[in-house]
Amino acid sequence: MTLSPAAPDLLADESTRTPRRSLRRIGGLDRVAGITATLVGTQAVTSLLGFIFWTIAAHRFTVSSIGVASDATSTMQLLGSLGMLGFGTLLISRLPAVAFDRRRVLVRSCLVVVALASAMLGIVVAASVGLLPSGGLRAVAATPADGALFAVGVALTGVTLVVDQAVLTAGSGLVQLERNTVASTAKIGFLIALSLDHQHGGMAIYLSWVLGTVVSLPVVALRTRNPVVIRRPRWLDRAALRGTWRDAASHHVLNLALQAPLMLFPVIITVSASTRSTGYFTTALLLSGFVFILPYAVSIGLFAASDGEHASMRARMRLTIPFGIAASLAADAVLIPLAPVILRIFGSGYALHGVTALRLIVLAGLPFVIKDHFVALRRVEARPGAAARLILITSILEVAAAVVGARLDGTTGLCLVWLGLMYIEAVFFGAILFREMRRPSGTVTNRSPAEVVVREVDPGGQLTGQAVMAEPAHPGPDPLPVAPAPPAVTRPSSRLGPVFFLMSLGVGVEALAAVAGNATVTPAGVDALFWAGLVLIFGPAAVTVVSPRVTRGVRLGAVVVLGLLLQISRYALFPTQFVFHDELAHANTLRLIQLSHGLFSANPLLPVSSYYPGLELVTDAIHGLTGLDNRGSAMVVLLLCRIVMTLGLYLGLERITGSGRIAAIASVCYVCNEQYLFFNSQYSYQSLALPLALFAVYLLLRLPATSSLRWRSMLLPFATVAAITVSHHLTAALLAVALCAWALVERRVRGRTPLGRAVAQTGALSVASVLAWAFIPGNPVRTYLGQIATTAGDAVTAFVERKQSHALFDAGGYRTPTWEIIVSVGSELLVVTCMVLALRSVWRHRTWRTGSLALLLCLLSVIWPIVPAGHLTGATSEVTDRASGFVFLGVGFVVASWLELSGRWRRSDRVGSRWRILLGGGLLVAFVGQTILGSGPQWAQTPGSFLVSSDSRSVDKANLAAAHWEAAHLPTGSRIIADRDASLLAGSIGGLYPVTHVADGINGSAILLSPTWTAADRTLVRRLRIAYVVIDLRDATGLPREGIYYESGEYDQNRTSPVPLSALTKLNAVAGVTRIYDNGSLVIYDVRAIEGAS
Amino acid sequence: MTSEMSQGDPMAAETIKPAQGEGSGSPDLQARLVQRSIPVLAAMASQILVGPRVLTVALVLISLAVSGLLVFRSMDTTATDRALVVTGSALVGLVLLGLLLALVPAGLTARSWVLGVALGELVIIFATLRVELPGPTRRWSGAIRTRGLGWYVAGVVVLAAAVGLSVGSTVHTDAAPVAISVQAEQGTQYSVAVSSGKVRGPLTVVETSAGGSRVLRSGVVVGPGNSTVVALQPGITGQVKVELEKQTAKGRSTLAHLSFIIP
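These protein sequence lines map, in sequence, to chains A and B. Last residue of the first sequence: 1155 (our numbering), numbering continuous. Last residue of the second sequence: 273 (our numbering), numbering continuous.
With the rest of the complex left out, here is chain B:
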C-alpha cells in the first residue's frame, strides 16, 4: 500500500506552525490578549446586561470563530486534521460543559450557555496566546481557491432552492385543518373557538341541545391568525358543531364538533 499523503495534496503540504512569539507577559502578548478577548467579553457583557439578542448572538459567533481559529492554527498538522479536531472538540466540550452547567444553580439557560462558552473561550485564548492569526494581507494558499468557485456557488444555490422548495411545500401541506375547541372558561361563561391554518368558509356554528338546534354564528370565515370565538349560553347540555354552509348531496357537511355539559 502506498501512501498518498505526499502526492500533490495541498492541504497536506500546508502545515502552519505556531509562531515562536515573544516572551511571556510582554506588552505584545498583553495587547493580543486584550484584542482577542474583546468579542468574548463583549458577548458576556451583552448577555449579562440583557443586550439585544441579535447583538449577543453576533458577538458569540464572532468569539466562537476567533477561538476556533486559534485552536485551528495552534496545531502543527494538516488542515483536515485540524478541522476534525476543532469540530470534534467543540462537540465534546459542549457536552461536558452542559453537564457542568446542569450542576450550577442557574441551570441550562441561554445565559448560562453564553457565559460558560465565553469562559471556555477565554481559557483557549489564554492557552493559545502565542499563536498568530492571519493578518488581512496574508495570502491564503491551498485551502481556499477561487478556481471552480462557480460550481460551489451553483451547488449551494441548488441546495438552498431545494430546501426552500421543500419547506414551502411542507408548510403548505401541514396547514392546520378546521378545528373547534373550548376557548375559555371565565366564571360560567364558556366560549368555543373555530380556527384553521388555511382560509376556510363560510362556516356555520350550530348548537344542538335537548331543546333543538340553534345557529350560533353563520358566514364564519377562518384562516391563519383569524379564528372566531363564539360565546355559549351557560347551563345547557349538548353539542356545538362546525358545518360547511355549502350544501352537499348528503346534507350539510359537519367538519368537527364538541359535546359537553355547559354548567
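One chain only, chain A, in its complex shape:
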C-alpha cells in the first residue's frame, strides 16, 4: 500500500487560489462529479462541433477531399493514441505525488517524449503509405510537405491526448473542456478560412484540424500557469522520467488492451459474416459509445480526483459504482426500446438489422462500470502492471469469445457470447472491488510533507495500531488537510446490497438465455448463458455465507435472496406460461375450481391433484383478492412459499444448532438438492406443502419450554398440519412419519418433555388427518401411490434380474454434453466424500446430542445414497429424486455441522481464504452437478424451438394457438383426445376434458397413433365419448423426447421410428369427420358425427 501525502496540484493553479474549505469539497465527490461531467461534456461538445465541422467541409469541399481528410484524421488519432505511450494516465497517477516545482518539468518531459514518438509513427506511416495500392491515405504523403504536416498532426494529437488527461488532476477538469472547445471552434474557423482561400484538397481540411489543435494549446498553458515563482526553472529534465518507463508501459498496455476488443469486433464480423453485417454492427457500436462514455468518465474522474489516495477512493467508489450502474441502466432503459427509432436515422436497413446488436451491446455498459472501476483502483494503487496483465487476459478472452460467438451465430452470437463473458468478468472484478472496498485500510491523518500516519483499522472499526511512514519532504506550500474519509470498513449489513445486485445480474443473464432460446440461437450458446446466470445467482450467496466477517442478518439475507432469485429465474426463462407437465396439470385443477366454484372436479390430467387443492386454493385466493391472472397469482404464491421455506429452514436449523452460520451453510447446501431448482419451483402441490412442513417443524421448535403448553400455542401447528394434509399426499405422510419419529426420539433421549408432548400431539393429528383425507369418497390417492410403488418395485426387480437398464445421461435421443457428465459425477463424488467426512465428524463430536431433531436429521442424511442409487432405473429415479427434497435436509445439516467444527475455513488469514475458496467452489460444483441431475437434458432446461413431446419445448406458439382457439370456440368440458402436450394445454387453457388412460381406464392412443383408421378406433371413439381429436402433425418429425407421445402404455410404445404422417392424417379420409381447425401444425377434427359419440 502506497500512501502519499496530499499535495497541491501544480497544474491546478485554481486550487491554490481557492479557499481551503472549497478545496476540501473539491477533493471529495464534488470533484469526481465535476471531472465526470466535464468529460461527458467534452464528448458532447466535440461531437457537436465535429458534426458542424464535417457538415461545413461537405458543403465546401469535394467528396474525394472529404475522404482523404477523413482517412488522414482517423489515422492521425489512431497513431496519436499509440504514441501516448501510457503517459496520460501515468501523469494522472504520478502528478499528485510529485514535488510542486517539478511537476511542470515532468509534464513537459513526458510531452516531448510523446511528441517524438507520435511524430515518428507519423513519419513511418507517411513513408509507408506509398506502398498501399490505392486509397485516400496515400494523399498524406503526396508531397514532403504533406508528409511533414501529417507527422506534425500526429505528434500534436499525441501531445493533446496526454495533456487532456494530465490536466484532469487540476480542479474539476474544466481545462480539458475549454481546450477542446477552443480547438473544435478554431478548426471550424480555419476550415472556413482555408476554403475561402480556395484550398480544396483533403490535406487542407487536415491542416485546419492541426491548426485548431495548435491554437488550443496556449489555453492549457494559461490555465495551468504556475502561481509560484520558481527560480531557474528547467525546461526539460531527463531525470524526471527516470523510473517512469516501466509504469508508462504498463499504462500503455492497459489502455490498449481496454480498447482492443471493441476495435477488433468489426474485423471479426467482417471475416465471420459479411461487410454488410459489419456496417450494421459498427453503427450500433458507435451509438453504444454514448452509453459507455459515462462509466468510463466516472472511473477516470475517480482516478483523477483520488490524488493517489486509495483509502478515500474506495469510500467514493461506494457511491460511484451504484451511480454508474444506475446511469447505465437508465441509458439501457432509453436505448433498448428506442433502438429501432434511433437506428432509423441511418436508414431502414439499420433499424431492421442493427437493432438486436445495439440492444445487446448497450447491456455491456453495466459490466464496463465494474471493469473501469477496477482499472481505476489499480491505477490509483500504482499497480497498472497487475491491472494490465488481467485486462490483457480478459481482452484476449473477449476476442476469442467474439470469434466463437460470431462463428456460431454471426453478429448476435458475437454480442451474446461477449456479453456473457463481460458479465462473468464483472463478477470477477466486482469480487475484487468489494474485497478491496471492505479491506481494513489506513486512514491518512495529520499528514505533513515529512510523514504519513496510517491508522490500522480492524473490521469493527477499532484502532489497532499506527505506523509512521517516512515520505520525502517536498518544498512548497503547506499540505492540504485531507477531507475526513468515511470509515474504511463499512457496516457489515451494507454488504448484502452488492450481493443482491450481483445475484440480480444472474437473473438478467437467465433472461438473456430465454431471449437467445426464443431466438433459436445454438443450444451451446443458450446453455452457456443459462449456467452462467445460475452461477451468478448461486456464487455470491455461497461466498457470502462462508465469509467469516458477515453478520447473521447478511447471511440470512443472502440465503433468502438466493431462494427468491432462483425462483424468479424460472419466470425469467418461462415468463408467460406454465410449461411443465405438473404445472399444467395443476393449472387445470385451478381452472376447474374457478369454473365450478368448488373442489374435487375431475381432472383427467392428474386426478389426484383435485383432492389435494391447497396450492390452487391459495392461488385462487390471490386471484380473487388482487385481480391478478392465474399465472401472476401463481408467481406470488410460489414466491411466498420460497420465503416460508427458506426462513423456516434457516430459523429451524438455527434453533436446533444455535448457530446462524451452520443454518446458513446448511440452507445453501439444501439449495444444491436435485429438486430445488426445477421441481420444487414448479407450480405443483409439493411446492406449497414442503415449505409448510418446514414451517410446522419450526413452529414446534419455537414453542416455549414450559411444563404445560396452552392450547393457543398449538393452534397454528395444528392448522399447518391440516393445511399440509389437503395440499400434498406424500409430504403430509412423510411429515406424519417424521413427527412420530421425532416424538419417539425425544422421549427416548430426553424423557417426557413439553416439546415431546407437543410433537406427539401434532404427529397424532397428522397421522389421523392424512388417513382421514385419504379415505374421503373419490380420493384416488391410494391407487395413485400404489401404482407408483408397484412400478418402482417392478423396475427394481427388473434391474436386479438384469432385464432393465436405464441410461443415466443420454436418454430420449439426446446426447448429454461431456462437461455436464463430468460435473454431475464430480458433484456426486463430492457429496459422497463430504458425507463420509461429515458423518465421521458427527460421530466423533456426538453432534446429535444437540437435540432430538438433530439426531433425526443425522439419520435422515444416512439414507442419502438412495437418491443417486434411484437413478439406476427410470421408475425409481422419479421417486428418489422427489425424496432428495427431504433427504437433503439431513445432508445440509451434517455437512454444515462438520464444516463448522472443522473451522479452518473461518480463519481470517491466507489459509482461511484458500479454504473458503475451496468451500465456495465445492458448493458451486455440488449445485451445478445436482441441478444437472435434477433438471434432465439441456432441452428441458431452457426455452427453444419445438421438440416432439418434450413438455416445455412442446408448449409453443402452434400448441398455444390451438388451445386458445379451443377455449374460444369449443363447448367447455368437451371430451377430446390429443397427444401428451396438446392434452395438457387443452385442459389447462382450452377448458376441455382430455381423455386419458389414467382417468378413464381405457387406452385410446390407437385413435392417434394407429397407422390406419379401423373399426376398433371407431369403437374407441364411441366408448370414450370423444367429441374432438387434436393432432400435432409435427409428431411425425421425431421420436418423443419424454419417451411417449400420449401416455405410458400407448400404442406401439417401443417404436424406433417416429409415428408416420399417414397415421396422423388418417382422419382426413374418414366419413363424418370434419377438419375444423388447422394452423399448419395442429389440426382439430370434429368426430361428433361418428355414431354413438356425444
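Mixed in with the good hints, there may be bad ones.
To list a few chain B residues with every Cβ distance to chain A over 12 Å, as calculated [claimed, not checked]:
#, residue
1, 47
2, 52
3, 71
4, 96
5, 109
6, 118
7, 132
8, 224
9, 228
10, 255
11, 267
Covered stretches of chain A, as calculated for chain B (at least 3 residues, CB under 8 Å) [as the list claims (entries may be wrong)]:
#, segment
12, 647-661
13, 728-741
14, 979-989
15, 1107-1117
FYI, nobody ran anything at the bench for these hints, they're computed from the structure. The beta carbon of each residue, even a glycine, is placed where N, CA and C say it ideally should be.
Take the given structure of chain A and dock chain B to it, following the hints.
Leaving out everything else, chain B in the frame of chain A:
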C-alpha cells in the same frame, strides 16, 4: 458450536413488545377498533356493493397490510421470526379458508374470498387490539436502512428489466401462426376465419371441391385483432385452403386447410 444470535444482529436485537394498552373496552380501544376496521369494512362494502374492481383490490391490500402488521407486531420475537410466522400463517389461513368457502353455497368466488378474508382480518384486529401500530414519526431502527439502498434499487431494476426482456421475447415468439377454422354456423350458412398473431399476407383463400377450385378471397392480410371471415356456399363437399400469394419454386405454399362437408 457458538450462538451467533447475539453477535451484532440488528434484527435479533429488535424485539418490540406489545403495548400494555389500556383497559378493555376503554374509549381508546374502541376508537382503535373503529380505525383499524375501516379499510376492512370498506373492502367488504366495496365488494358487496360491486364497487370498482381497482378500489376493492386497493382496499383489500390495505386491510391485508394492516392485519399483517398487527400480527407482526403482536409477537415478542425477532423480525425474521415474525416475518416467517406472518407469511406462513397467511398461506395456512388461505388454504383452510378455501376449504371452508368451498362448503358454503356461494362457493369459491372473488366475492367470497374478499368477504372471508375480511372476516378473518376483523378477528385479527379484535385479537390484537392492544397492539400499537407505529406512528408516522416513529423512527425505524434496524430493519430498514437507507444505506446501500442504491444497490437494492439497481438490483430491482435489473430484475424488472430481465423479466420485461423475457416477457417481450416470449410474447413475440409465441405469436399465433396463420390458422383457418370454422367460424360460425348460422342455419345453413358456414363461414371460415383466417387469423394470425402476427401480420401475414397477402393470402388467398381457395375453395376446392369436385367442381374444381375457386378463389374465395385474395389479398387477405391478417394480424393481431384482424382476422378475415369468408362465407361459404352451402351444400358442397371439399376443402378450404389458405395459401401464400407469393409463388415459390414448388408452387403456391399452402399454410393450412380445412376439409369438410358443407351441408
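Consistency of the hints with the structure:
1. Even its closest Cβ contact with chain A, about 18 Å, leaves residue 47 of chain B beyond 12 Å, as expected for a residue assigned away from the interface.
2. Every C-beta of chain A lies more than 12 Å from that of residue 52 of chain B, the closest at about 14 Å, which supports listing it as non-interface.
3. At roughly 7 Å, the least C-beta separation between residue 71 of chain B and chain A is not larger than 12 Å, which violates its mark as non-interface.
4. Residue placement check: residue 96 of chain B does not keep its beta carbon more than 12 Å from all beta carbons of chain A (closest about 10 Å).
5. Listed as a non-interface residue, residue 109 of chain B fails to keep its Cβ farther than 12 Å from every Cβ of chain A; the least gap is roughly 6 Å.
6. With 12 Å as the threshold on Cβ separation, the claim that residue 118 of chain B sits away from chain A is violated: the shortest Cβ distance comes to roughly 5 Å.
7. The non-interface label for residue 132 of chain B is consistent with chain A: the shortest C-beta to C-beta separation is roughly 15 Å, beyond 12 Å.
8. Residue placement check: residue 224 of chain B keeps its beta carbon more than 12 Å from all beta carbons of chain A (closest about 19 Å).
9. Residue-level check passed: residue 228 of chain B sits 19 Å from the nearest beta carbon of chain A, beyond 12 Å.
10. At roughly 16 Å from the closest C-beta of chain A, the C-beta of residue 255 of chain B stays outside 12 Å, upholding its exclusion from the interface.
11. In this structure residue 267 of chain B is not separated from chain A by more than 12 Å, as the shortest Cβ-Cβ distance comes to only about 6 Å.
12. Requiring three or more residues with a Cβ within less than 8 Å of a Cβ of chain B, the coverage given for the segment 647-661 of chain A holds, as 6 such residues are present.
13. With a threshold of 8 Å between beta carbons, the proposed coverage of the segment 728-741 of chain A by chain B is violated, since 0 of its residues qualify and at least three are required.
14. Coverage of the segment 979-989 of chain A by chain B is violated in this model, with 0 residues showing a Cβ closer than 8 Å to a Cβ of that chain against a need of three.
15. Restraint check on the segment 1107-1117 of chain A versus chain B: 0 residues with Cβ-Cβ distances below 8 Å, three needed, restraint violated.
Hints 3, 4, 5, 6, 11, 13, 14, 15 from the earlier list are contradicted by this structure; the remaining hints agree with it.
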